[in-house]
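Trainee: These are the residues of each chain, in order.
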Amino acid sequence: MFTLTTLLELVLLLNFFVLGASRLRTAVNLVAVQGMLLGAAPLWLEHGPRVVLLSLGTMAVKGILIPRLLLYAMRDQTIGPEFRPAGGFIASLLLGAVGTGASLWFGGTLPLHNGEHSQLIVPASLATTFAGFVMLFTRVKTISQSLGYLVLENGVFIFGLLLIEAVPAMVEIGVLLDLIVAVFVMGIIIQHINRELDPLEVQHLSSLKE
Amino acid sequence: MAVYLVVLPALAALAALLVPSDRWRPWLLPLGSGLHVACLASLIRSGETVSQFDGWLVLDSTAKVFMLAIGVLHFLCMLYAPGYLALRPERPNRILCACMLASLAMMSLVVLSRHLGLMWVAVEATTLVTAPSIYFNHNARSLEATWKYLLICSVGIALALLGSFFLAYSALYAGLKPTLLFDDLMAAAPNLSRPWLHAAFILLLVGYGAKMGLSPMHTWKPDAYGEAPGMVGALMAGGVTSCVFLAVLRIYQIAVRGGDGAFASRTMIFFGLLSMLTAAVFMVRQRDFKRMLAYSSVEHMGILVFGVGLGGAAIYGVLLHVINNALAKGVLFLSAGNIHRAYGSKLTDHVTGAMRGLPLSGSLFLFGFFAGCGSPPFSPFVSEFSIIAAAFRERHFIGAAIFLAALMAVFLGMGATVLGITLGKPSRPPQQAAFADGAWTGAPIVLLMSLVLLLGLYLPPFLSDLVNQAAASLAMN
Amino acid sequence: MNLLMASIAMIAVSGLPGAVLDKRRLGGQFLATLFSAAGSICGLYAVGRWLAAGGQSDLRIPWTLVPGADFHVGLDGLSAAFLLPIFLISMLGSIYGQGYWRQSEHAENGRKLRLFYGLCAAGMASLVVARNSVVFLFGWEVMALGAFMLVATEDDQPSVAEAGWLYLVATHAATLTLFGLFGALWAICGTFDLPADGSKLAPAAANTVFVLALLGFGFKAGIMPLHVWLPSAHANAPSHVSALMSGVLIKMGVYGFLRVSSFLPEPPLWWGGLLLALGVVSGVIGLAFAVAQQDFKRLLAYSSIENIGIIFIATGLALLGRATHRADWVLLGMGGAVWHVWNHALFKALLFYCAGSVIHAVETREINLLGGLGKRMPWTAFCFVVGATAVCGLPPLNGFVSEFLIYVGLFGTLGIPDAGATLPAAALAAPGLALIGALAVACYATAMAGIFLGAPRSSRVEHAHEARWTMLAPMFALAGGCVFVGLAPGVVAPAIDPAIAAWTSAAPGGSELAAALIPLAERAPLGWLSALGLSLVAMLALGGVVLAARLRPRFVSSSVTWGCGYVAPTARMQYTSTSFSEILTGLFRWALGPRVNRPKIDELFPQSASFASSVPDSVLERVIRPGLNWIAERILWFRVFQQGNVRAYLFYMFAALVLLLIWPH
Amino acid sequence: METAIHLLTVLLLPLVLRGVINKTKAAFAGRVGPPLLQPFYDVIRLAQKDSVISETTGWVFRAGPVVGLATVLLASLLAPFGRESAPVSFSGDVFLFVYLLALGRFFMAIASLDTGSAFEGMGVTRELTFSALAEPALFFGFLVMASLSRSLSLSEMLGESFGPQWQTSSASLVLVLVSWFIILLAENSRIPFDDPNTHLELTMIHEVIVLDHSGPALAMILYGASVKLLLFCSLIVQMLSPFDSGYALVDAGVFVVETLVLAAFIGVIESTMARLRMPDVPRLLVTACVLSAFGIILLPH
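These protein sequence lines map, in sequence, to chains A, B, C and D.
Start counting the first sequence at 671; every next residue gets the next number (our numbering).
Start counting the second sequence at 470; every next residue gets the next number (our numbering).
Start counting the third sequence at 6; every next residue gets the next number (our numbering).
Start counting the fourth sequence at 17; every next residue gets the next number (our numbering).
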């Protein structure tokens, strides 16, 4: 009943929620949920100790570790809880919808292996990647941009599901490791930004220009 | 044996973390880098291709050329480091030293790795490792520069990961065992599924192009190189971008072997010329000479990619240009660092008469500029001239004309800034006598400059054989 | 050939010992001149021996730099013809530099100057003997960068830095054009050899190669539209460097053009015609600018543009000769061109040395502040008169001989000696050349008067003193050279024939044209010229003796100049260079565009007013500088893409990705 | 024998020409005028006088007149008088002829500038500019002559009688004749361009150049100027005379008579015209250039 396709549909839904979220804290939690779901996804595809270990690791990292890092980085921030995307909610939601439509169409064009996996994987990954991009374009604050990066990373991870048996474990771990370190460094920088720069400037971070 | 190239610097990085005193730690840098170069030299002298971990780490002739460029530049920059860090006692340099050595390790890994996934991990690692070194100056501007560098490169590399997965899937779709090993992919290339390969090539090109600083993904470069210390700028402009260029080269090989050669070569030529024109446009009336050097790096990446797009005889020029560009960028960035520190400002309206104020760094900066623009007695001329000649041979006349026009426009923009800085009466005597031309901060640049001059006049036989072998192995169309 | 390469190496290294020694002592200075002189003499001997006896003229060393191009140098007629002035002028320049740029007076840039002087001279010599384009480009750029460092010697003055930058832009544009030219040649002919195999060039390719060569080498030669860098570079460089640049460096542009045009097959008529037109325009407009200059080194620089125009007229005639297969025109055209290259090297270097000794004495280049220097610097004045007479092409001296050959050649296009194909249009260049000659007389008479004759116009002239002997010796050597070549052209002619033969035989199918070439001495009545020159000198001597007898102090009483009875003439009443050129500037107003700021007197009792007029270089000030500024303003708009907004940067990447994905492959 | 006649003509005829011109002008003005041989007496008188030399001048001032005279005498050896060829003639002597006159002009200019007075500066600027405009016209004429006579030597160019040429290409010959006559008036500072015996500095060109010379130097200048006048007259007379008697003496006599008639004609021109305004002089010279340039186009090929 709870097949991979429905899981992917849930993930797509979460994309919209994250795009529409008005409070930063809810956005982080939503991304955490999305991470958990994706962590569990490999179980549907393949069985074996390696896969279980892998999915547990992913769930731990994407679901728990990274959100904690972001919340820790956010804790003494002076930026208000609410965060409005630059173009306003409706615009980013619309963009999200258009993106999902486009990725569904583009997914269709790419010939899918008549694999046993659900037809939804490629479009879902493209949609999530696009959602990540939309967040990167529209959100102003550093925290939300790193969130956008995380959603983008999830999109890429979805596509990774197709190749679970192909890509060796070592590379999978490497990818996860890089993700952790990336977010870790981003968190440190966000902390430094909040400490060094006054809030106004944080908004725009555009002193370096021609 | 080849893995030592990665392990040695990594160990040195760890050691750097452990050494407590700020005064002794910088001396680890030349040590680590020196070991790396010594090991590389012995590998090159042994001559044959070294392969380890069943084909995952391979040191073939192309890898040797890239390793040589990165290794030599890194060693000379590390020679420069102690002198530089001694002048900056107020900044703790634990993270910087560690990051420098770690970046060498990661760069070696990128050059050696034949598995595209592993290569992706290494490239991501270089980004994460160089980010803190940009933030060395700990002021608001360098913080912003680091944030932008990290964000743009990470997004780019995420796309590259998606591209790698597309590539693996193209093998899966074609009924082969999905693999990311370069040799298997090259073997299976002709019957990879065409649309997946096409999409993969585009994603990988845009992804790694962002890391390499090709226009329009170059926007982080002026900020990052502008705010990083000269030494870090040299390493990034000469080392990191070169090793990512090797990644792009690998992908281009697969795309051409996979039958998508026409589109791939046209895209590469387009990106090459676009980067050169962007560099030319943004160098006009540039008031900050470090940002100017960043755009010069964008231009030279454009030249490399343009050369690869041409193929044929241009490959020899491209491989030689990797080495020449690394050395020339080393000279320019290190001498620019000296001038910046001595005059306390990067803006052309505060800095004039550098050749009189700082005789050594000023003249090295001026002759580095001549070298960068491809003037004959210096080595970049050889590579740029063979690329132009190849452009004519491949009958890309319009491309060659735009290439020459872009070179002239870059010369006009860059020359106005460089001559504004070097000629004339010194605007302000160097802040402290300490920042005048020292032995330790001057000798590495002189070594780099003499290498640029030597390679411009005479190519040692071992190097020319290496480059010819590499060019032969890369010769596609 | 090995001796020649050794001498080039010696000249290249001539500056190094000086650079090492302490900048106070004069040791470095003597060593530099010693090396340079020794290298030049060996070089001259080697070329002389080759001209006389022929011998080994090729040297090929394997060189792994650019695949397919090894270090191949050689000596043929054309190279020998251009090597002689290089060695001669660089040697004399180095000796002149002893007195003019003494190390003790110019401590901080003296060593730099000598270092790059040697490198620049060596670069010129190596590019002339280069037999493949890579070695040619090496010599070319070493010369160009060396000359830039020489021009920017006193770069603490803003005008010098500006001149250096202008020169650098022009020379780099030339270099990039040459990159394109030699790249195209390599792509078409398959090899880097310099006298490439012209037969592979289709007419369209030959036309592109011709245009690229004209642009690339025209920039360095300073032919009219591409001359913008020349006046400011020559004016701001130290005088013996200006002499080296004007006498020899711009001739490298001519050599390059001759070398490339020598192997182009079947030159169409419009090539020669274009050169003739460019030559006449450069000559006439160049001199119009020269007359209007107030800085005498800029005047000499514009006069160099005029002489380059004359050389291009002769080259155009030679190309027409090859187009119509008339050996006679080729002989006279190429003979006139090469001979004028030699003559110009001699008298222009002499004039710049005189200018140098004047600057050394009065530290200014303003003609309007000088006057009356003839009495304080008699020898420099005498040399200037000899140089001026030679540069105007007046009979007894060498300028006349080469212009005579060009005239006979141009009149030949009317089918004068033998009724072959006639090109009356080409003959129209002859009156152009006459106009150039007459304008040169006007220009140099007023320059000579402005500096040396009349009463001193300012206090600067009071403490002027004659130049040191190390400066006068090269001047007398060059003056002697001008007189010798003028009075004994027959001796010099045989040295030019190999150059003409080399130029004609390099073209595919040019050998039968080369066979029809007769020695220059037989074609032109050089014997008559020397006879009449000697008789003119005899008559002058006789008249001088007669007049001297009648002007003995007994018969002469001196008084104030007879200004029609005006008893209190002041020096300020004399004509200045601006007033000398007022009529001519008016006639050429359309080309010169003089800037005159007349005082606007509007109140009843006008206060003190000042009048200033200047003639800036119209191509530079009216076309290039405003053009580049306009483009720069437009380009600055693009900065909107780099305004620091990360989100925009990410959007550029996304846009690039989407565009590529939907691009129809 | 021919060279003897030639030298004799060069020695005596020039000053007679100047006398004839003054005599004609006097006749027009209803005056008796100075005796025909007055120029001879002037030259002899000046040769014996002492000279007054300004102290601002140097050796250039003294060398000027000598060079002026020497160049003109040497040039006269090249020009053919009557039907015989000139004492010295080789292919290309036409260029030597023109450039010798230019050398003379150059040294006369710097000599007069050596005095450092404003008047000489005025005269030299005008003289050099106008002669610069006159040279191309001369060369266009020589182009026509050379292509008609197929030779570059003055003697062959102007030596033979012009009978046949007048039939075939009379149009271009007329044009060249007119333009050369204008050049003659300009170069020898006759009325339309410059008034030889005026003393208002603002209007003088040639006279003001010799303002400061005195004594024997002035004599040389006077004699040199007259020889120059003869040379230009010979150019035109040689073109006009179709007559070829074959005897040296008879031809020389005919040449002398024709030159005197031309001198009288110049006198007539000077009496009937006033001096041109200074800006009009370049326009007239440019028209002379254009005239002789059209001469080439109308040449029969």
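Calculated directly from the structure, the hints in this document are not laboratory data.
A hint or two may mislead.
To be verified - In the EDC-like style, the derived pairs of lysine to aspartate or glutamate whose C-alpha atoms are separated by at most 20 Å in a straight line are:
id, chain 1, residue 1, chain 2, residue 2
1, C, LYS380, D, GLU71
2, B, LYS894, C, ASP607
3, B, LYS815, B, ASP757
4, B, LYS894, B, ASP906
5, B, LYS894, C, GLU110
6, A, LYS879, B, ASP818
7, D, LYS41, D, ASP296
None of the values given here were measured: they were computed from a predicted structure.
Trainee: Starting from LYS894 (chain B), check that the Cα of ASP607 (chain C) is at most 20 Å away, please.
Mentor: Outside the cut-off at roughly 42 Å; violated.
Trainee: Given the hinted pair LYS815 (chain B) and ASP757 (chain B), is their Cα-Cα distance within 20 Å?
Mentor: Since the Cα atoms of LYS815 (chain B) and ASP757 (chain B) sit roughly 5 Å apart, the hinted pair holds (cutoff 20 Å).
Trainee: For a C-alpha distance cap of 20 Å, please report whether LYS894 (chain B) and ASP906 (chain B) respect it.
Mentor: holds (18 Å)
Trainee: Would the hint linking LYS894 (chain B) and GLU110 (chain C) be met if the CA-CA limit is 20 Å?
Mentor: holds (18 Å)
Trainee: Does LYS879 (chain A) pair with ASP818 (chain B) here, judged by a C-alpha cut-off of 20 Å?
Mentor: Since the Cα atoms of LYS879 (chain A) and ASP818 (chain B) sit roughly 17 Å apart, the hinted pair holds (cutoff 20 Å).
Trainee: Is LYS380 (chain C) close enough to GLU71 (chain D), meaning Cα to Cα at most 20 Å?
Mentor: Roughly 11 Å between the alpha carbons, so the hint for LYS380 (chain C) and GLU71 (chain D) holds.
Trainee: Assess, step by step, whether the Cα of LYS41 (chain D) is no farther than 20 Å from the Cα of ASP296 (chain D), and give holds or violated.
Mentor: violated (24 Å)
Hint check: violations occur at hints 2, 7; the rest are consistent with the structure.
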